[in-house]
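Order-wise, the sequence lines are chains A and B. Sequential numbering from 1 applies to the first sequence in the UniProt record's numbering. Sequential numbering from 1 applies to the second sequence in the UniProt record's numbering.
Since the hints were derived computationally from the structure, they do not count as laboratory data. There may be inaccurate statements among the hints.
Okay, the calculated beta carbon distance ranges per label pair [what the hints assert, rightly or not]:
| id | chain 1 | residue 1 | chain 2 | residue 2 | range |
| --- | --- | --- | --- | --- | --- |
| 1 | A | Ser135 | B | Arg41 | 52 to 60 Å |
| 2 | B | Ser264 | A | Arg41 | 28 to 36 Å |
| 3 | A | Lys289 | B | Thr235 | 36 to 44 Å |
| 4 | A | Gln68 | B | Lys347 | 47 to 55 Å |
| 5 | B | Leu52 | A | Ser354 | 32 to 40 Å |
| 6 | A | Thr15 | B | Tyr75 | 47 to 55 Å |
In this text, a Cβ means the ideal position worked out from N, Cα and C, and glycines have one as well.
There are 2 protein chains.
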Amino acid sequence: MDSSPIRKAFELARTIENPINLSIGQPHFPCPPNIIEAMNRAAIDGKTAYTLTAGIPELKEAMAEKYQIQNGIEYAKPDRILVTSGISSALFLLFNALVNPGDDCLVVSPYFLMYPSMLKFYGANLLTVDESFTSEELSVFSSKKLKLIIYSNPSNPTGKVLSKEQLRGLANLAEKTGAYLISDEIYELFDYDKQFYSIGKEYEKTITLTGFSKTYNMTGLRLATILADEVVIKTLTTLQQYTVVCAPSITQWAGIEALKTDMSSYIQDYREKRDFVYDSLKAHYEIQKSGGAFYFFFKVKDTDEEFLQKAVKKKLILVPGYIFSPSKHHMRLSFATDWDNLKRGMKALVELASE
Amino acid sequence: MDSSPIRKAFELARTIENPINLSIGQPHFPCPPNIIEAMNRAAIDGKTAYTLTAGIPELKEAMAEKYQIQNGIEYAKPDRILVTSGISSALFLLFNALVNPGDDCLVVSPYFLMYPSMLKFYGANLLTVDESFTSEELSVFSSKKLKLIIYSNPSNPTGKVLSKEQLRGLANLAEKTGAYLISDEIYELFDYDKQFYSIGKEYEKTITLTGFSKTYNMTGLRLATILADEVVIKTLTTLQQYTVVCAPSITQWAGIEALKTDMSSYIQDYREKRDFVYDSLKAHYEIQKSGGAFYFFFKVKDTDEEFLQKAVKKKLILVPGYIFSPSKHHMRLSFATDWDNLKRGMKALVELASE
Chain A
1 MDSSPIRKAF
11 ELARTIENPI
21 NLSIGQPHFP
31 CPPNIIEAMN
41 RAAIDGKTAY
51 TLTAGIPELK
61 EAMAEKYQIQ
71 NGIEYAKPDR
81 ILVTSGISSA
91 LFLLFNALVN
101 PGDDCLVVSP
111 YFLMYPSMLK
121 FYGANLLTVD
131 ESFTSEELSV
141 FSSKKLKLII
151 YSNPSNPTGK
161 VLSKEQLRGL
171 ANLAEKTGAY
181 LISDEIYELF
191 DYDKQFYSIG
201 KEYEKTITLT
211 GFSKTYNMTG
221 LRLATILADE
231 VVIKTLTTLQ
241 QYTVVCAPSI
251 TQWAGIEALK
261 TDMSSYIQDY
271 REKRDFVYDS
281 LKAHYEIQKS
291 GGAFYFFFKV
301 KDTDEEFLQK
311 AVKKKLILVP
321 GYIFSPSKHH
331 MRLSFATDWD
341 NLKRGMKALV
351 ELASE
Chain B
1 MDSSPIRKAF
11 ELARTIENPI
21 NLSIGQPHFP
31 CPPNIIEAMN
41 RAAIDGKTAY
51 TLTAGIPELK
61 EAMAEKYQIQ
71 NGIEYAKPDR
81 ILVTSGISSA
91 LFLLFNALVN
101 PGDDCLVVSP
111 YFLMYPSMLK
121 FYGANLLTVD
131 ESFTSEELSV
141 FSSKKLKLII
151 YSNPSNPTGK
161 VLSKEQLRGL
171 ANLAEKTGAY
181 LISDEIYELF
191 DYDKQFYSIG
201 KEYEKTITLT
211 GFSKTYNMTG
221 LRLATILADE
231 VVIKTLTTLQ
241 QYTVVCAPSI
251 TQWAGIEALK
261 TDMSSYIQDY
271 REKRDFVYDS
281 LKAHYEIQKS
291 GGAFYFFFKV
301 KDTDEEFLQK
311 AVKKKLILVP
321 GYIFSPSKHH
331 MRLSFATDWD
341 NLKRGMKALV
351 ELASE
């Protein structure tokens, strides 16, 4: 997995005094204290033993309710849910179970870097379509035998929220080609213009991935869920028996509390930051307004690596875009940071544009 | 994985009022409170983000020291250690990285049921040798090209602690055949007669697995470590990036505290229970004195399934031996339970022997 630019960014940040680090892929706020309290309570109550492989019934029930009420997915029920050790574990289970060498897999681009690297690991043949796709652009794939279609919505690294029409196009393509449709919705709550839509609501064969890591800043606690039909869930559960056995017990209890947590003030803060970044940069860079997650993916004249070198001279750290897309002229910027840092970052970027 | 008899045992236990459940594969005491406190403190201190893939340096350093002092493994150092989400995760990483279809793999029998089921999953060709093996019995394998040799020491399901001579025999065989020697030492502290020996101390190519789950009753917290040479550790770390990314952050902090915890009173309690079980059953069953872990594996005249049916009529639940060995005439008994339960169990077993 070519995460070396992200590692490099970390290392760079260490060497710079008071860096403007806009490379971080997780919230800057701490995990809300009620979630920590619930987790600690579970530990004190002795919930330290293995759970059922598919997860504790209490969390699966809470997730079924969440999928029904929040995502409008009426068929959601505990037997269709598998609790995993984070989204990456969920991806691993899915790709390991579904992908055979030579399988055509369609990835919406720019993409979360784990999709292509994990798919290649399993020998998949990678096809990509740009996230701006129209129905016509999708139709070129409809004669193929696709094994799966995957995207993150809202997107890491672009913040793009796919439109209902685009999602329907992907669902139709999945139905036509027999592909599994994998909707990675880990950033769903970071939806600034209320455009996010779970295609699982209308396409029952969707495999919906929901993560706790990003929303509640608990990337290290390893918790996500997969909503899929019972046959898929059964297969993945068997596979999980051979890997981590179960998601961490206390983290699962934390998950129940997380679902009850009002995150709206955090989201509002990020919405304002989203607006601030866009307003600061739109006159200086070719940039799309991000609709979700906490990223912008904007174009630069230099190559991304050259741009990064110049940025670092101003103490600014971003992630070069080539690991997320075929382009070598984009940078990923995360606005999951405090105001002071973000203002310093915008000042540096405006200066860089005029150099 | 044929864990159905263990699942059945769980289900049986639910249907019986006040069952004598001697089927449980984890300690009956709670995770010591200082470990819980350390974990909760880490959570309160905001240690909820991803850690480095290979684990937090603090735990790797503490483990290196533990391997050196407790196991006498002088070459142990942080770069040779990978922190994983439990032993099963460690096995998955190892087998996924090392085993190709058709590879000959030697498993000491009776075995932890995950070894053969996971090895078969990766297409390995399974060879077994009984745990009572002599050097001569091992020599039949020395002309083979073995991919790996694996055992649990002390053993689940028999409680057998392999002798230094036996371990040297396995190390010699590994050296001759080019096999990876995998020493699963998850039960190392449950060593009642001070016979346990880490072969890694003298055979540097050993892959030593150390788990926290059983010793501290934290099976649900998912924590183990692998000690191996740096090339193996690097490969497994890359693979872990594609699966769970990292072991749960707070659990890693709990691990540091666990290493400081004096478990001798717990071990002494299990030693007395080990003696009690042996003294109660030796006149009635063909039984070897267990030296470690918290199991006995004893012979019955009926088939294991028939014996279980009769036992259940006395409210007694054990695990049939066929899932751990080729024999259909053994039962696994766990003495990880309280005295009252254990006494009731011995009474039932003595009665069953004379029926």
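Against the structure, the hints:
no.: 1; hint: Ser135/A - Arg41/B: 52 to 60 Å; result: 54 Å, holds
no.: 2; hint: Ser264/B - Arg41/A: 28 to 36 Å; result: 30 Å, holds
no.: 3; hint: Lys289/A - Thr235/B: 36 to 44 Å; result: 43 Å, holds
no.: 4; hint: Gln68/A - Lys347/B: 47 to 55 Å; result: 51 Å, holds
no.: 5; hint: Leu52/B - Ser354/A: 32 to 40 Å; result: 39 Å, holds
no.: 6; hint: Thr15/A - Tyr75/B: 47 to 55 Å; result: 32 Å, violated
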